[in-house]
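*Asks:* Sequence:
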Amino acid sequence: MKSLVTGGTGFIGANVVRALLDAGDEVRVLVRKGSNLVNLHGLPVELAEGDVRDPGSIRRAVSGCERVYHVAAVYSFWLKDPELPFRVNVDGTRNVLRAALEEGVERVVYTSSVATLAVPTGETPVTEDAPVDPNRIVGPYKRSKYLAEEVAREYAAAGLPIVIVNPSFPVGRYDIKPTPTGRLIVDFLNRR
Numbered sequence: 000m001k002s003l004v005t006g007g008t009g010f011i012g013a014n015v016v017r018a019l020l021d022a023g024d025e026v027r028v029l030v031r032k033g034s035n036l037v038n039l040h041g042l043p044v045e046l047a048e049g050d051v052r053d054p055g056s057i058r059r060a061v062s063g064c065e066r067v068y069h070v071a072a073v074y075s076f077w078l079k080d081p082e083l084p085f086r087v088n089v090d091g092t093r094n095v096l097r098a099a100l101e102e103g104v105e106r107v108v109y110t111s112s113v114a115t116l117a118v119p120t121g122e123t124p125v126t127e128d129a130p131v132d133p134n135r136i137v138g139p140y141k142r143s144k145y146l147a148e149e150v151a152r153e154y155a156a157a158g159l160p161i162v163i164v165n166p167s168f169p170v171g172r173y174d175i176k177p178t179p180t181g182r183l184i185v186d187f188l189n190r191r
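FYI, numbering that gives the first Met the number 0 numbers position 121 of the sequence shown as 120, with every residue one higher than the one before it.
Quick caveat, the hints were computed from the structure, so don't treat them as lab data. The hints are all genuine.
Taking lysine-lysine pairs in the DSS-like style, the calculated list, with each CA pair at most 25 angstroms apart, reads:
no., residue 1, residue 2
1, K141, K79
2, K32, K79
3, K1, K32
Distance windows between CB atoms, simulated:
no., residue 1, residue 2, range
4, G103, G41, 31 to 37 angstroms
5, E25, P81, 34 to 40 angstroms
6, R59, V118, 38 to 44 angstroms
7, T123, G103, 38 to 44 angstroms
8, R152, E101, 16 to 22 angstroms
9, V164, E65, 15 to 21 angstroms
10, N189, A156, 43 to 49 angstroms
11, R191, P166, 23 to 29 angstroms
12, S75, T126, 26 to 32 angstroms
No residue lacks a Cβ here, since even glycine has one placed at the ideal position from N, Cα and C.
Between the sequences and the hints, there should be enough to build the whole structure, so can you do that?
*Replies:* So, in structure tokens, the structure goes:
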């Protein structure tokens with residue numbers, strides 16, 4: 000089985016790459032020019048240079064893969080360019096899913112965020128099916144992930160076999176930047 004992983008140089012993506020390799024998959028990783036490849040060092044993966052914002056490079060990367068794990072995203076709460084999450088997280092997701100549909104991919108796993116789920120209004124926990132009030136979604140990252148998940152749902156309705164996952168507070172190995180979540184832990188441990 001050949002799988003493409005977008006975002007494979009990042010924290011969650013690097014863990015997905017390792018899990019796929021452990022399961023015996025051939026893995027192709029979409030990498031942007033100049034990406035830090037330390038999370039892939041020594042791994043038997045195929046690198047496909049491209050960017051989720053470039054439909055042609057996505058199409059080439061998806062070609063020949065049975066599965067796509069779309070993990071790439073801008074995950075930051077402090078950006079100089081507040082439109083960047085929309086270009087990467089929304090438009091990039093659309094490009095990946097369009098290529099997957101056109102290439103006849105058997106399955107897509109889209110990494111969304113807990114930020115796309117409804118906010119509890121009382122003591123009753125929410126589920127993935129609880130209606131979301133878009134007016135309660137604050138910040139470019141959260142809004143972009145909500146809109147990207149809507150794109151994923153549109154492609155699912157069009158026949159693309161897609162699974163959406165909503166990580167909440169991921170921590171662990173290979174968070175080398177670190178992510179905003181990892182930064183909270185590092186700052187706490189350093190008493191900042």
